[in-house]
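A.B. asks: Residue numbers (our numbering), protein chains in the order written: chain Y, 6 to 119; chain V, 309 to 418.
Think of the hints as simulated: they come from the structure by calculation, not from any bench.
For glycine and all other residues, C-beta sits at the position ideal for the given N, C-alpha and C.
One should not assume that every hint holds.
Not the full set, but computed from the structure, chain V residues with beta-carbon under 8 Å of chain Y [what the hints assert, rightly or not]:
id, residue
1, Glu349
2, Gly350
3, Ala360
4, Val392
5, Gly393
6, Phe396
7, Asn404
8, Phe408
9, Gly409
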Amino acid sequence: SAVISQKPSRDICQRGTSLTIQCQVDSQVTMMFWYRQQPGQSLTLIATANQGSEATYESGFVIDKFPISRPNLTFSTLTVSNMSPEDSSIYLCSAARGGGSGYTFGSGTRLTVV
Amino acid sequence: GQQLNQSPQSMFIQEGEDVSMNCTSSSIFNTWLWYKQDPGEGPVLLIALYKAGELTSNGRLTAQFGITRKDSFLNISASIPSDVGIYFCAGQLDGNKLVFGAGTILRVKS
């Protein structure tokens with residue numbers, strides 16, 4: 006299965022600023038996703054990162070707040086824009102090769118907004 | 309939207325005991341996945357199930373894809389301290405998106 010490197014692993018940010026999280030996969034993958042995991046909660050899908058086109062966002066998430074890039078088949082970024090304390094969470098990148106293969110997750114980025 | 313009902317929410321067990329947890333849904337899924345998440349880490353895939361009725365083992369772990377495609381269970385036999393963590397079920401929908409259960413927190417008494 007793919008190996009995912011995600012950075013930064015954690016950050017403390019001032020409200021009103023933006024943070025870009027990077028996700029690097031060690032091999033080409035068909036699909037990449039971004040999830041949010043609030044403290045003590047399960048994972049919620051933010052969006053599907055589409056290679057070479059705009060990401061597909063889930064209900065409750067919008068591009069202006071969470072712009073996503075995916076310039077190639079191994080790399081994606083998620084930006085958390087104009088942050089507020091409510092954005093404090095763990096953000097996780099996931100990748101899959103498709104064809105029924107399981108999904109691999111990065112170690113996550115633990116974001117605290119103060 | 310689709311929801312997975314995962315139970316139990318948490319459990320304390322004695323080392324050496326067997327553990328069982330399950331997920332149910334009102335929706336049909338193409339694939340069921342079971343993950344374990346340790347503190348400060350991302351979820352790690354334990355078992356993937358692709359066919360209704362499929363029973364799959366991975367060491368001390370056994371999982372089954374329900375015949376109706378709306379449920380799955382995970383069993384852990386002879387639990388050990390390193391089994392501590394949060395276990396998530398996930399169902400795969402069309403379009404390759406995953407929906408996650410709320411998680412089962414496993415605590416082991418040594």
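A.B. asks: Hints first: check each against the structure and report whether it holds.
C.D. replies: Tested hints:
1. A distance limit of 8 Å between C-beta atoms decides the matter here; for V/Glu349 the minimum to chain Y is near 5 Å, and the interface restraint holds.
2. Interface restraint check for V/Gly350: the shortest CB-CB distance to chain Y comes to about 3 Å, inside 8 Å, so the restraint holds.
3. Proximity of V/Ala360 to chain Y is violated relative to the hint, the smallest CB-CB distance being about 14 Å (cut-off 8 Å).
4. Hint on V/Val392 is violated. Least Cβ distance to chain Y is approximately 16 Å, over the 8 Å limit.
5. The restraint placing V/Gly393 at the interface with chain Y is violated, with a minimum CB-CB distance near 14 Å, outside the 8 Å limit.
6. Proximity of V/Phe396 to chain Y holds as hinted, the smallest CB-CB distance being about 6 Å (cut-off 8 Å).
7. With its C-beta approaching chain Y no nearer than about 5 Å, V/Asn404 sits inside the 8 Å limit, and its interface hint holds.
8. Nearest Cβ of chain Y to the Cβ of V/Phe408: about 5 Å, under the 8 Å cut. The hint holds.
9. A hinted interface residue such as V/Gly409 counts as satisfied when its beta carbon comes closer than 8 Å to some beta carbon of chain Y; here the least separation is about 6 Å, so the hint holds.
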